[in-house]
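**Q** The lines below spell out each chain.
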Amino acid sequence: MKKNFKMKKVVVLLAMTLMTALISGSSYANEDKVFKMSTTTSTQSSGLLDVLLPVFEKDTGIKVKVFAKGTGAAIRDGRDGNVDAIFVHAKSREDQFVSNGYGTKRYAIMHNDFVIIGPAKDPAGIKGMSNAAKALEQIAKAGSMFVSRGDDSGTHTKEQALWAATDLNLKEVKKDLIKKGKQYNISFKAPEGKWYMSIGQGMGKATIFSEEKQAYLLTDRGTFIKYKFGRDQGLDLEVLCEGDNALSNPYGFIPISPKKFPHVKYDLAKTFVQWLISQKGQTTINNYRLLEKQLFYPDAIK
Amino acid sequence: MEFFIDSFKSAILLALSLDPELFGIVWVSTKVSFTSTLLASLFGLPLGFLVAFKEFYGKWLLITCLNTLLALPTVVIGLFVYTFISRRGIFGPLDLLYTQKAIVIGQFILILPVVATLTIAAISRIDERYKMTAMTLGGNGIQTAWAVFKEARFAVIAAVIAAFGRVIAEVGISMILGGNAKGFTRTMTTAMALEYDKGEFVLAVALGIILMCISFLVNLLFNFFQGRSGTK
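Here the protein sequences line up with chains A and B, keeping their order. Using the numbering used here, the first residue of the first sequence is number 1, and each one after it goes up by one. Using the numbering used here, the first residue of the second sequence is number 1, and each one after it goes up by one.
These are computed hints drawn from the structure, not numbers from a lab. Check the hints yourself; a few may be wrong.
As the list claims (entries may be wrong) - To be clear about the criterion: a stretch of chain B counts as covered by chain A if any three or more of its residues have a C-beta under 8 Å from a C-beta of chain A, and this derived list gives those stretches:
1. 85-93
2. 171-181
Unchecked claim - To list a few chain B residues with every Cβ distance to chain A over 10 Å, as calculated:
3. F34
4. P46
5. E55
6. Y57
7. R129
8. T133
9. F149
10. G199
11. I209
In this text, a Cβ means the ideal position worked out from N, Cα and C, and glycines have one as well.
So that you can see chain B by itself, here it is in the shape it has in the complex (with noise of 0.2 Å):
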């Protein structure tokens, strides 16, 4: 109990010592994860409409290959990655290995199918009359969509949430792409393994508090999309 307590009270000393290798830490994170978050809902979301808009053949086979894709380990997609753009890689020349960049590939292939398995699940949910009532009123495909997405928005926007909580927690894709180099890409979980390797455990779960914090601040906004109510 005694080391929850002196925890969290490193925690609140290490945010008011306004201390700038924290901060450049905590913006690292951020910036990372808001990136990757991005991309994979560009990504992700029409590509989980489309899935669950059209009928065609192998829809479950897709589907269920997507829903495998959410176990896909953190240190796979590390390594994955790893191999293209290492020095001896296709990509070597581009010297994108251990580089934030490199964190925001890997993360945006861990939280694709995340994003895009979310979607679907959201989607079809929506009662089909939404989908024909939208297209009699003489609504072209992407104001369906629209209106079908305003429907279904709550659980769409939870989606997203859920892609950018798995990202600003992750530490194996950040680790291996990233490596961990303070002031270039070290993030707050790579930061707190650092520090549990250390044998500093109050400053590891200290970090932990504060990303709970941000973590918390990210959700408020996202709130704001989802609409305050969280039923319509």
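If we strip away everything but chain A, and leave its shape as in the complex, we get (with noise of 0.2 Å):
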């Protein structure tokens, strides 16, 4: 019984030895040369950061702790002084976010298209359309499901921009919250009705769930390639709309203002975007493929 009582006394002491190893051991290494930047879903789910960051770590050294979420999530890091750098592709709320002191300057990268994807059938009839918002009011006449991102991500910013561009009645919905003591409210606009589906999640969700139910849907190019040509199971959705100056998609990156947030890595975040706009960081992302496509155009040279 005694004997029985030891061992037991062993055991815990080697679980606790155990676990104080695991907490200690989990700490990076070399702290000083990474950064954080919370950026939006598309870039690291089309695979470019994967070619970007390597290239840029063999370049200077500096590793780049990526945190994917989407835009509002991501501006939300940026706000809190959770991360370093933003990357991400809303050029309103960007802009914003700078002027309101958050970040030091926005610096255009690239951009590539959203497109408007829907099932083969297109019960809605905008096939070859090029006016988006004329394209998504007859979605919505027509009464086709339609699901939208409803996350408050750079996707969903768009799609909002673009019902706002049709002669649609909107109906507003606004919640009252308390922040810092003071009231104050966020405010969404969308369409009315059982078609309009709101699901709050990710590209690569809500791509998967219009698929399922064969709804139309608004996605940015790189996603759509992405689920349709790269994977087994592949997709039934096409591409129906597209082309418009709409649906134009620029993504900006910003460094977090060392003056709002002195604990932040600005000079690591600077000698990335800096990297990123030279010749070299545009070349790579002009000459990144998915699936033998190009999914990004270069902003900062020409």
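Take the two lone chains, each set in its own frame, and fit them into one complex as the hints suggest.
**A** See the structure below:
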């Protein structure tokens, strides 16, 4: 009986040592050459960062810790000083972010475009249309199911702007909240109807949702190509509306202001963005291909 | 600290605003959780009773397996059910994916082991003499089970409460099988996850506070069945 008790003690001690080792071992070995960046999911899921970052690391020895989330959440990370830079795609909000003093400057890095995809049968008859707002209007009038990101992301921001450009009556949803003791509200504008599905999820999940329900969706071209041609199961959905200027999708990089948050690693973020807009960085972006298709077009050099 | 005060005030504001969207979310959450808890209890309680009552070969193995299922991640259940009901799955034509029914199916699988194992534990704790007495008094199987249930009801209902708590708080299954469609399958937890993704932390925590209030109300109800004193 006593021996048994001793055994238990040994086991507990072993378990505790193991846990301490695990916790202490998990910190980064070289903390000062690493900076944190929150970015939109498309830069990561398209595979672009997997190509850019290793080249950058080879050139400078700097590592980038990437947190891929929606543009809204990435901007939130920046506002809270949780990261050293953000790499997102919602130009109006980026400009506001900089003018509010959270970031030093918005650097135009690259762009690609949005497309409206939908079922091959195209019940709303938008195939070949180049005016995105008109296409959305037609989907609404036909009452065909449309899936919205509804997550405050860059794509969602774009979608709301497109709906606002239609002649439809939009419903505004307001929520009152308290921040720093003061009341403020957040609002969304969206069309009304059972056909409009706001799912509040990332681009990949929204794509799968639309595929399952054979619904229309506004998506960036990169994610669409990846899901349509990059997977065994593919997609039945097709690009139905493209080429509108309103569908352009510019990406910007903003280092977080060291004046606002003295702890941020501004120098590392600055080094990265200068590399991104250099001939080498821009060429790497220009040469990036996913399944033999160009996804991003550099904006810093012509 | 300020963050939590903000969240708390926002929760009150939200609840007072009688926002139909919020009520919709709360309604979907409670309806789905109640349904799955009810179904899991309907199957889990008798299963627990049977396993606890009967002596059979491999009983300990079955109990160990049920205990292991307690650790089943919600995402795994979600994906498992997904493969069956997706458009290309066997049950694809039923168009179950991204409906409340789909969430109920997933949650049922999640909490069936919870109800079963906790029932087994509750019944096994009851003195063998209760069973014997009930039987010698001429009770048949069901009457004996009823007598034991009455004795163990506090712990058995605790099993149901634990199961309800697990489903109303889970997010993986609701997200994968429900799809978080606003007005259709958005539950309190998927709404919270969404607000977190959007960076609206205050709203996320405010929703969490409302969830706890609902949970409290539901537990008051359970408490009534358990017997208020909690001892007998």
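**Q** Hint by hint, note whether the structure agrees.
**A** Hint check results:
With a threshold of 8 Å between beta carbons, the proposed coverage of the region 85-93 of chain B by chain A holds, since 3 of its residues qualify and at least three are required. For the region 171-181 of chain B, the stated coverage by chain A is satisfied: 4 residues place a CB nearer than 8 Å to a CB of that chain, which reaches the threshold of 3. With a cut of 10 Å on Cβ distances, B/F34 stays outside the contact zone with chain A, its closest approach being about 24 Å. Residue placement check: B/P46 keeps its beta carbon more than 10 Å from all beta carbons of chain A (closest about 35 Å).
Non-interface call for B/E55 relative to chain A: holds, since the shortest CB-CB distance, roughly 28 Å, exceeds 10 Å. No Cβ of chain A approaches the Cβ of B/Y57 within 10 Å, the least distance being about 29 Å, so the stated non-interface status holds. With a cut of 10 Å on Cβ distances, B/R129 stays outside the contact zone with chain A, its closest approach being about 29 Å. A cut-off of 10 Å between C-beta atoms confirms that B/T133 is not in contact with chain A; the least separation is 35 Å.
With a closest Cβ-Cβ approach of about 36 Å to chain A, B/F149 is found to remain outside the 10 Å limit, as its non-interface label requires. B/G199, annotated as away from the interface, has a beta carbon of chain A within 10 Å; the closest lies near 3 Å. No beta-carbon of chain A is positioned within 10 Å of the beta-carbon of B/I209; the least distance is around 12 Å.
Violated hint: 10 only; the structure is consistent with all others.
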